[in-house]
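Just so you know, the protein sequences line up as chains Y and E, in that order. When you read off a place in the first sequence, starting at 1, and then add 98, the result is the number in the working numbering. When you read off a place in the second sequence, starting at 1, and then add 98, the result is the number in the working numbering.
Hints listed in this document are in silico derivations from the structure and should not be mistaken for laboratory results. Any given hint could turn out to be false.
For identical chains, the list gives no copy identity; a pair is met inside one copy or between any two copies.
As the list claims (entries may be wrong) - For lysine to aspartate or glutamate, the following EDC-like pairs were computed, each having C-alpha atoms within a straight-line distance of at most 20 Å:
| no. | residue 1 | residue 2 |
| --- | --- | --- |
| 1 | 217 | 204 |
| 2 | 119 | 203 |
| 3 | 217 | 139 |
| 4 | 214 | 203 |
Each chain, letter by letter, is given below.
Protein chains: 2
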Amino acid sequence: MIAEQTMTTAEIAQRFNTLAKEGNWNQIQDELFAENAVSIEPPGAPGLQSAEGMKAIKQKAKDFEQSVEEMHGGYSSDPLVAGNYFAVAMGLDATFKQMGRMKMDEIALYEVKDGKIVKEQFFY
Amino acid sequence: MIAEQTMTTAEIAQRFNTLAKEGNWNQIQDELFAENAVSIEPPGAPGLQSAEGMKAIKQKAKDFEQSVEEMHGGYSSDPLVAGNYFAVAMGLDATFKQMGRMKMDEIALYEVKDGKIVKEQFFY
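Isolated chain Y (complex conformation) (with noise of 0.2 Å):
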C-alpha cells in the first residue's frame, strides 16, 4: 500500500501556478479545491458573488464564463507561498455579453488546508 501523500501549501501553489499558466481553471477546482471550499468576491461587487461549496463554487465560474462573448487575454502570476496561504496576481480582458469590453486587475489569496484550497479570496 503506498500512502497518499498531502502536498504542502508550497505543492499546491505551485501546481496551481502550472494551471493557471494553462489557463486550465477547471481542472484547479476539480484538482487542488476541497469539497467544501468557499469563494469570497469583494462586498459590494458588481457581477460576482460569493459561493460555498464545490456545487457552488462551479456554477458560479459557468455564470461567468457564459457571460463572456470574447476574451482577449489574461494572465496569473507566480504565487506567493507564506505559511497556510499563498497569493496570485491576475487579471484579464474581456468583452462580456452585457457590459462592454473589460480589463480587470485583482489579488487572488487562496488558503490551504489538509493538501486542499479551502477559501479563495478576491480583492479588486
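Assemble chain E onto chain Y, guided by the hints.
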C-alpha cells in the same frame, strides 16, 4: 506652483518594498499610510488585534516591539501588484517575552486609495 502627484499603487508598493527590506516599518507607517487606515488581524488570532486609525496602529506596533525579547530574523518579499492592491509574503523569527521563540509567516495585503495605504490585512 507644483501640484503634488498622487502615487500609484505600483509606486506605493515599490516604496514599501524599499523600506520593508531596510526594516524601516515606522517610516512605512509615517509616509505611506492614510490617517484613517485600518489594520486587520485574522479572527481569533492570539496576541495581535485589529486597529483603526494611525494612533491605534502605531500603538499596536509599539506593543508588538515591546513584546519581543530578541529578533532573530525576518523577511519581506517583493510585492505582487494588481489594481488598487498589493500583496507581500513576510515572516519573522523572534523570541517573545511571554511566549518564547516563534517563527511565523504571513501574507500581508495592502489596499491603496488616493495614493495612501488605507487598509492592511494579515493572513496566517
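Here is how each hint holds up against the structure:
1. Taking CA atoms no more than 20 Å apart as the test, residue 217 paired with residue 204 passes in both settings, with 16 Å inside one copy and 16 Å between copies.
2. Taking identical chains as interchangeable, the C-alpha atoms of residue 119 and residue 203 lie at most 20 Å apart only when both belong to the same chain, with a minimum of 16 Å there against 26 Å between chains.
3. For the identical chains of this complex, residue 217 and residue 139 are neighbours both inside a copy (11 Å) and across copies (17 Å), given an alpha-carbon limit of 20 Å.
4. For a Cα distance limit of 20 Å, the shortest separation of residue 214 from residue 203 across copies, 19 Å, qualifies, whereas the shortest one inside one copy, 25 Å, does not.
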